[in-house]
Structures are given as structure tokens and as C-alpha cells.
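Visitor: Next come the chains, spelled out residue by residue.
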Amino acid sequence: MNTQELLWKYAEGQCSGHEKDEVEKLLASDENAKDELRLIQEIHASLSGLEAEQPSMRFAQNVMESLPKKLYANIGIEPLLPSYLKVIFWSILSGIFIILVFISKTRNPTNKELPYNYLINESIEMATKLISSDMLLYAVLIFISLATLAIFDRFLARGKFTS
Amino acid sequence: MDNDQHLIAATLRGDQASYRVLVERYQDYVFTVAFKVLRNREEAEEAAQDAFLKAYRALASFEQRSKFSTWLYQIAWRAAIDRQRLKKLSKQSIDDEKSFLQIGDLEPTPVELLQQKNTKKLVQQALDNMKPEDAALLTLYYLQEQSVKEISGITGLTESNIKVKLFRLRDSLKNQLSRQLKTEVKDLL
Numbered sequence: 001m002n003t004q005e006l007l008w009k010y011a012e013g014q015c016s017g018h019e020k021d022e023v024e025k026l027l028a029s030d031e032n033a034k035d036e037l038r039l040i041q042e043i044h045a046s047l048s049g050l051e052a053e054q055p056s057m058r059f060a061q062n063v064m065e066s067l068p069k070k071l072y073a074n075i076g077i078e079p080l081l082p083s084y085l086k087v088i089f090w091s092i093l094s095g096i097f098i099i100l101v102f103i104s105k106t107r108n109p110t111n112k113e114l115p116y117n118y119l120i121n122e123s124i125e126m127a128t129k130l131i132s133s134d135m136l137l138y139a140v141l142i143f144i145s146l147a148t149l150a151i152f153d154r155f156l157a158r159g160k161f162t163s
Numbered sequence: 001m002d003n004d005q006h007l008i009a010a011t012l013r014g015d016q017a018s019y020r021v022l023v024e025r026y027q028d029y030v031f032t033v034a035f036k037v038l039r040n041r042e043e044a045e046e047a048a049q050d051a052f053l054k055a056y057r058a059l060a061s062f063e064q065r066s067k068f069s070t071w072l073y074q075i076a077w078r079a080a081i082d083r084q085r086l087k088k089l090s091k092q093s094i095d096d097e098k099s100f101l102q103i104g105d106l107e108p109t110p111v112e113l114l115q116q117k118n119t120k121k122l123v124q125q126a127l128d129n130m131k132p133e134d135a136a137l138l139t140l141y142y143l144q145e146q147s148v149k150e151i152s153g154i155t156g157l158t159e160s161n162i163k164v165k166l167f168r169l170r171d172s173l174k175n176q177l178s179r180q181l182k183t184e185v186k187d188l189l
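Protein chains in written order, with the working numbering: chain C, 1 to 163; chain X, 1 to 189.
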């Protein structure tokens with residue numbers, strides 16, 4: 001390594017112990033080397049103190065406007081069930097629930113003279129038929145399938161692709 | 001303040017506002033690299049904008065093996081160099097020392113003169129006289145405080161080549177400044 005190179009390294013504080021000793025020995029004996037080092041230190045300080053150039057005020061805005069909008073856009077997954085099917089699903093479920101409550105309340109009606117007796121009797125009859133047939137089994141299976149779909153739909157909708 | 005990794009992850013999730021933070025964080029340095037190479041504000045701004053756009057498009061492939069800034073400067077460097085090649089600029093090289101001001105007789109020492117002068121301004125002038133890639137190399141080293149290894153990643157030059165270049169550039173800079181100062185003193189007398 002030549003003297004100049006060593007002086008630059010010294011000015012930047014990158015000398016090893018041995019190199020530092022070598023430079024200091026040189027500086028003690030050589031006035032020119034001392035002047036060289038001072039000049040190098042001045043230049044080093046000036047270079048280190050350089051300031052960054054600044055682009056126009058609108059630069060960041062221009063960059064943002066030039067970016068493709070959909071490259072990393074939030075990918076929301078459409079629910080598997082359309083909303084109108086959900087309404088139908090919950091309506092059926094609610095209907096079944098209301099009928100079951102109604103049946104349980106009116107299985108032994110005390111007042112057969114009430115105007116809604118006919119409706120009650122019909123409902124009881126229908127429910128009895130339903131329970132005794134395979135229809136209930138099918139209904140339960142359909143209900144479980146729909147419930148599973150609804151839960152799966154919710155799970156996907158809150159997946160990692162949504163923000 | 002969010003670090004770069006968090007902002008990158010958020011950008012990849014679709015949050016463009018996070019990328020804006022990155023743009024605002026690095027726009028000065030990216031622009032400076034481009035400006036040093038191209039020596040023209042409008043073109044440097046276009047190159048810097050191009051660099052940010054390229055970085056955005058390639059963000060998913062950024063493996064974070066280096067700092068984001070190093071990766072970004074590499075893109076900016078290439079964008080500026082490509083633009084410069086297209087322009088076929090023929091700027092004065094630092095090697096062409098004949099074009100610098102002539103050396104006068106030895107009078108005061110350069111150090112004494114440097115202390116009286118606005119050193120920064122002189123250094124800036126000297127940088128402007130350099131070959132654009134060389135000025136950008138010094139800018140990366142001093143302004144952006146990139147290590148030789150990082151500059152190697154940015155420019156594609158080998159580390160030993162960069163070390164040699166940096167030494168040559170600084171030495172040339174020193175010689176040029178000495179000559180300029182001596183000439184100015186001579187003109188004053």
C-alpha cells in the first residue's frame with residue numbers, strides 16, 4: 001500500500017494498529033506528509049458532508065400515481081353463498097324453529113274452540129307425518145350441509161387475503 | 001417508525017400507503033444517484049421514478065438478503081446508467097486531467113487555501129467535472145454511506161475494482177482541487 005492510500009485510510013479511520021503506527025511515524029518525520037494528510041482530511045470531511053439532492057415536491061405523488069393499482073391490491077374473496085341464498089337459508093331455519101316452538105306449545109291444546117285450532121291441528125298432523133317419514137332426515141342433512149357451507153364461507157372470507 | 005421490512009410486507013398485502021412511506025424515505029438518495037449519473041434534473045427525476053416503479057413491480061421477488069436501500073439503489077443505478085447510455089452522453093472523464101485548470105507555481109499550500117475557501121463548493125465542482133459514474137460511485141460511498149460490498153452489489157463491479165476506483169477518484173479529486181486552488185490564487189495576485 002502506498003503512502004497516499006495509507007493517508008486516505010488514516011483520514012477515514014480505517015487503519016489497523018500497525019498501519020496507524022506507520023502513518024504516525026511518517027507524520028512525525030515528514031512535513032509534506034502532514035500537509036497531505038490535512039488536505040485529505042479536508043476533502044474527506046467535505047465529501048462526508050455532501051447533501052443529497054432533492055426531487056420536486058410532487059415526486060412521491062407522481063410515483064404513487066404511476067404504480068399499477070391492482071398488482072398487490074387487497075384480494076377479497078367473494079362469499080361462496082350469495083346474500084339472497086343466505087336470506088333464504090336463515091328464513092327456512094327460522095321457520096323450522098318457529099314451527100317447532102309452536103308445536104311444542106300446542107301439542108295438548110286445552111281450548112279446542114279457539115279460532116286457530118284448525119291451524120294448530122293441521123300443524124301437529126303435518127309435524128307428526130314429518131317426524132315419522134324420511135323427510136326429517138333429509139331436512140337435517142340439508143341443514144347440516146348448508147350450515148357447513150356457511151361456516152366455510154365465513155372462514156374463507158376472513159382469510160389472509162383480506163386486510 | 002416502521003422499518004423497511006414491515007413496510008414491504010404491508011405493501012405486498014396491498015397497502016400502497018406503506019410504499020409511499022418507502023418512496024418518501026429514499027427519494028432523495030435515489031434521485032441523487034440518478035442525478036449524479038445523468039446531470040439533468042428532469043431526466044434524473046424520470047429515472048428515479050422509473051426505479052421506484054421497477055422496485056414496486058419486483059418487490060415480491062426481493063428476498064431481503066441485502067438491505068432494501070442497497071437493492072433499491074441498484075435498480076436506480078441501472079435505470080440511470082441505461083438512460084445515460086441511451087443519451088450517449090460523452091462527459092469528461094476524471095482520467096482526462098488535461099482538461100482541468102492548469103497548475104500554477106507553488107505558492108501557498110493547498111491546505112491553507114482550502115481552509116479559506118468553501119471546500120464543499122469546490123468538492124462539488126470537482127464532482128461535477130468527473131465522469132458521471134465516478135461521481136455516483138463517490139456519492140454512494142460518502143453520501144449514502146454504502147460499504148464497498150454494498151456498492152459492489154449496486155454497480156455490479158467487483159469489490160477490489162471499487163476499492164481501486166475509489167482510491168483513484170479521491171486522489172484525482174485531491175490533485176484537481178490543489179490545482180484549482182493554486183490557479184485561483186494566481187489569478188488573484
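Don't take every hint at face value.
Computed spacing ranges between beta-carbons, pair by pair [to be verified]:
no.	chain 1	residue 1	chain 2	residue 2	range
1	X	Ala58	C	Gln61	18 to 28 Å
2	C	Pro68	X	Gln64	19 to 29 Å
3	X	Glu63	C	Ser66	42 to 52 Å
Treat the hints as calculated values from the structure; they're not laboratory data.
Here a beta-carbon is modelled for each residue, glycine too, at the ideal position from N, C-alpha and C.
Visitor: Compare the structure with each hint and give your call.
Guide: How the hints compare with the structure:
1. For the hinted restraint 18 to 28 Å between alanine 58 (chain X) and glutamine 61 (chain C), the CB-CB distance of approximately 22 Å keeps it satisfied.
2. Between proline 68 (chain C) and glutamine 64 (chain X) the beta carbons are some 22 Å apart, a value that agrees with the proposed interval 19 to 29 Å.
3. For the pair glutamate 63 (chain X) and serine 66 (chain C), the beta carbons lie near 25 Å from each other, so the given range of 42 to 52 Å is not met.
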